[in-house]
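Q: Going from the sequence shown to my numbering is simple: count from 1 and add 260.
Hints in this document: simulated from the structure, not taken from any laboratory.
Be a bit skeptical, because a hint or two may be false.
List of simulated lysine-lysine pairs, DSBU-like, C-alpha gap at most 30 Å [claimed, not checked]:
| # | residue 1 | residue 2 |
| --- | --- | --- |
| 1 | 411 | 378 |
| 2 | 302 | 359 |
| 3 | 485 | 378 |
| 4 | 420 | 359 |
| 5 | 378 | 359 |
| 6 | 378 | 302 |
| 7 | 485 | 411 |
| 8 | 388 | 378 |
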Amino acid sequence: MKSSPRLTPQGPHRMAPRKLATSPRKPASERNFSISRIKIPKAADVLASHLREDIVDGRLANGEMLPTERELAESSGLSRSSVREALRLLEIEGLLVTKPGRNGGSMVCQPSRETIVKTVSLYISSRKTQMASLVEARMTIEPAAAMLAAKYRTNEDIEKIQSIQRTMEDNINDLGTFLRANIDWHMAVVHASHNDLLIAFMESIAGSVYAVTNVEQLNPLDVRKQVTKVHGRITDAIVGGDREAARRRMERHVGAYADHLGVTG
């Protein structure tokens, strides 16, 4: 009797593969799976990002000239129009300066305090920032600056603060001179903190603060006299190195002026 041939996957009598049960495809609106639209950055943005990082990290030194547009295009593999757009973006940000002429080009300009001041000042101007926002910013910055001034002030800082204080006292009947000296006194205190960020933020808003408070009705003689008196007490705390007193007195001073202007709740 002949034996039946063995059934193997390779043999002539392979077993038919089993069919897997499948579910009907659901409409897209009923599926749980979803994927957000993928955004591919522009070539100019990618190049600008690389150059920005090199400038901020110091790999490109302040004042260093970048390669020409043609050289950047060849090394990056991008079109010259993309390179030109990337350079324009960095110039708007203040990280590059274009030097005209035969030997000109794009020069690195690392961020500085002036960069922050210019940017924030433009923001304030374009947003038409309200007086309340300016005063609230001062209430946040100036007490901390006064406390740091009491800690870090130098003899030069003290002399400047006291000199401006005398200018205010000597010109108490001259509103314009008094108000200008008032802003200068506050800035001198902030500078005495030796904190670059606090100085930059206050320099950014100082012009706007002066503009919105340069009104005689808001600064009658009795208010000016009170201001000079309080300034003297804050100055004493800074000179004496009393950080807590300097912070507390400045907080009360700016808060009282905010109440006088009617910009606090």
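Q: All the hints need checking, so say for each whether the structure fits it.
A: Now for the hints, and whether the structure bears them out:
1. Of the supplied pair hints, the one linking residue 411 and residue 378 holds, its CA atoms being roughly 29 Å apart against a limit of 30 Å.
2. Only pairs whose Cα atoms come within 30 Å are accepted, and residue 302 paired with residue 359 is accepted, the gap being roughly 26 Å.
3. In summary, the hint linking residue 485 to residue 378 is not supported, as the alpha carbons are separated by about 33 Å, beyond the 30 Å threshold.
4. Taken as a hint, the residue 420 and residue 359 pair is broken in the structure, with Cα atoms around 38 Å apart against an allowance of 30 Å.
5. Of the pairs offered as hints, the one joining residue 378 and residue 359 holds, with about 20 Å between alpha carbons and a cut-off of 30 Å not exceeded.
6. A C-alpha spacing of about 28 Å is found between residue 378 and residue 302, which places the hinted pair at or below 30 Å, so the restraint holds.
7. Our distance criterion of 30 Å between C-alpha atoms is met by residue 485 and residue 411, whose separation comes to about 28 Å.
8. Between residue 388 and residue 378 the alpha-carbon distance is near 15 Å, which keeps this suggested pair within the 30 Å criterion.
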